[in-house]
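Quick note, the sequences are listed as chains A and B, same order.
Quick note, the first sequence lines up with residues 29 to 582 if you use our numbering.
Quick note, the second sequence lines up with residues 847 to 1173 if you use our numbering.
Check the hints yourself; a few may be wrong.
Calculated cross-link-like contacts (lysine to aspartate or glutamate; reagent style EDC-like; alpha-carbon spacing at most 16 Å) [what the hints assert, rightly or not]:
#, chain 1, residue 1, chain 2, residue 2
1, A, Lys154, A, Glu128
2, A, Lys265, A, Asp387
3, A, Lys131, A, Asp89
4, B, Lys852, A, Glu497
5, A, Lys265, A, Asp226
6, B, Lys986, A, Asp241
7, A, Lys119, A, Asp226
8, A, Lys257, A, Asp302
9, A, Lys257, B, Glu990
Just so you know, the hints here were simulated from the structure itself, not pulled from any lab data.
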Amino acid sequence: MLQISLWKRVLIIGLCLLGLAMAAPNLFYNRVEGHNDALAAFEKTGAMTAAQEEARAGWPDWLPSGLVNLGLDLRGGAHLLAEVKVAEVYKARMDALWPEMRKALAAERATIGSVRRMPSGEDELKIQIGEPGQIARAVEIARTLATPVVTLTGVGQNDIEVTGTGDTITVRLSPAEQAATDERTMQQSLEIVRRRVDAAGTREPTIMRQGNDRILIEVPGIGSAAELKDLIGTTAKLTFQPVVGRGSNPNANPGAGNEILPAADDANLFYTLDKVPVVSGDELTDARPDTDQNGTPAVAFRFNPTGARAFGDYTANHIGEPFAIVLDGKVISAPVIQSHIAGGSGIITGRFSVQEATDLALLLRAGALPAGMTFLEERTIGPELGQDSIDAGRIAAVVGLVAVVGFMIATYGLFGVFASLALLINIAMIFGFMSMIGATLTLPGIAGIVLTMGTAVDANVLVFERIREELRTAKGPARAIELGYEKAMSAIVDANVTTFITGVILFVLGAGPVRGFAVTLIVGIVTSVFTAIWVTRVMVAAWYARRRPKTITL
Amino acid sequence: MSFRLKLVPDHTSFDFFKHAWLTFGASVVAVIASAVIALVMGLNFGIDFKGGTTIRTESTQALDIAGYRAALSPLGLGDVAITEVFDPNFAADQHVASIRIQAQGDAEAVTPETITKIEAALQAVDPEVRFISTESVGPKVSGELIWTAVWSVLAATAAIVVYVWVRFEWQYSIGALAALVHDVGLTIGIFSLFQIKFDLTIIAALLTILGYSINDTVVVFDRLRENLIKYKTMPLKDVMNLSVNETLSRTVMTSGTTLIALISLLVLGGDVIRGFVFAMTWGVIVGTYSSVYVAKNIVLFIGLDRDKQPEDPSAIFFTEGGANADP
């Protein structure tokens, strides 16, 4: 007899109901989305506006509220692929190492002679000494500044490698330290990008690391990739540097260890500054808009303890000297130090508007990106295009579904009805499953679902054709149905495993919308095998148990 | 409930090898022709693979492509291709154009300034114009995307061939491989012939075709394996014909429903995914053909060792359903 044990029936029907329940919120997409957004806002701020309260009430709390995420190509938004120039950090490390190195070597000037920094590659520090014969001694001194690297892979390695040839010492980061630095740079960049995008208050941005030095940023609902780039691309690199002099010639020789930078508000004014900053923006802990003693907008800041100490020491020793505040390569102001600033807080004055002061404070608070970024890929999709695609996809899906159902019923009669019901459950389960795992539906994903409608009936077709064959050899209907399911199994498994393999490869290697297609394909295979084999079987068994037909037509 | 649509009669006995030299020969010629076409005409690579920028514009006014071109030429952008997009779903006053600009020098991606300049120039021609989407891919990424695409197609092919080899026998996997090469080859050929835009989504379609085509092939192979055990002395060619005839109604049904769904998407799904859906529709057609006319020919050509036909390995795993079956 066509019997399926009770627990199996309960399990199968239960899974179908679960799928339907999980899919249901997608029918009320806007309402559920409003509800979810209101809850998210409540979690973040602890308060709800009247409008949010209303949105929240639009969908009962106790119902499932998972939704299929709509991809950028359906919702509109911006996509950026950024490459972080991790090697830039090596240069900063080398520059920071030089004063320390000079101090250590200078202490031994009696034996090794004069100490001079030589021009070198960006990722190394070359130092020339006066007594070539003492190079071994100089290397030994330089090596005292090395510290062991604390990472799993870099055990036993120091952070810097020091070599000496002739009269020159070359210092560079060890491979272990480079790897560790890259890792830190990436983590820091990711965190800062995330904070900046979050500060703009957009919904569900995707910020993901890709490979060794790339960050993928997808923000739904933002107007353009350029806007997103402005938001995250501003490095807001803040430094405080000693002023050596000022003039109007940008091409003058700044002298060793100095650089010439333009003033932000005066095209004819150029400052000569000591290249090595006293404190940098990395050491800021807080920045907020404020006003100076004259009531003009300014930005108040606070340093962490190291920054505060360096800032305090410098101001104590250089009262009466000008001190440049440099933002992204421009001197925004160069006030004269009036007194020792202890405690690590102060204000930046410039000729800011209130808006500029607010923006600057935000940028400073979000921290400086540790290295520059180049944008390798950028895409903007307008919301209208997304809506057009959804509408077109929906119509195509409905027409396709009706046609497939009609075709199946015309061919297999009642069994075609069973297969069509299974197909509907299948589509609901795809949506339910995708909502549950928070997968993203993309335009190719819609195509994937439509394709699934075509192929999902395949397993049923295999079974039904097999039943037809078995019926021809004049077996009883129950036996024919049993054998049909049983014998079609191996073809179903083989056919679906191969499609599954390509789906997995698509997912692993694909990006963006292609990945979305892979997800629907994989989910569709799993649910369609389940519905085609088990759900139709439950339906057929229930029908058979009730009617007990002597013969069946298929 | 007695009416049944029967596209394929209950019993068919087509000889699928009757014109084997013609069908198989045609396939071989078509694959070679595709390769030649692809080499001579090249593929119309989208910006995913070539780098550059595409801008999609929409306006309520009729398009003035010459005007667009004249407005953009002073900007010195190099190769600019402007095409009008037609779609039956568009409203009467919806005029869509696609503007493709080559990669600018070795810049990693187009600068926002350039985009702003382009938008301003176009707005001067047509104040109503809106910019629906802008996509820009740098040369570094596009180069990598090509390799990823090639790798994913190769990896999928290899994985499928290994799976078929493990589940069946090596002769079958060679047949499957031939069918896959045939399907991918013909798809690339038709994309080259009609110069349809070839981008990442087309690769996704290609991989799906691989999955679909092998799906079809495997069903025939599966029946072949079963029949080889049943009819131990029948010539291999006849067993193959019998197997294809027995699975013919299933092949027609599945390809039919899939094509119905795909064609509705092709007509109504909008122009954004038309290339993608076209690739899949074409792939379903050639995939169905290749499972009937290509894969088996290779297996027949190599021959099978009839003495050591394995039982279906899945029989061991899936006999549970038969255990409580009782007539």
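#### Entry: Ascending list of hint numbers which this structure does not respect
3, 5, 7, 8 and 9
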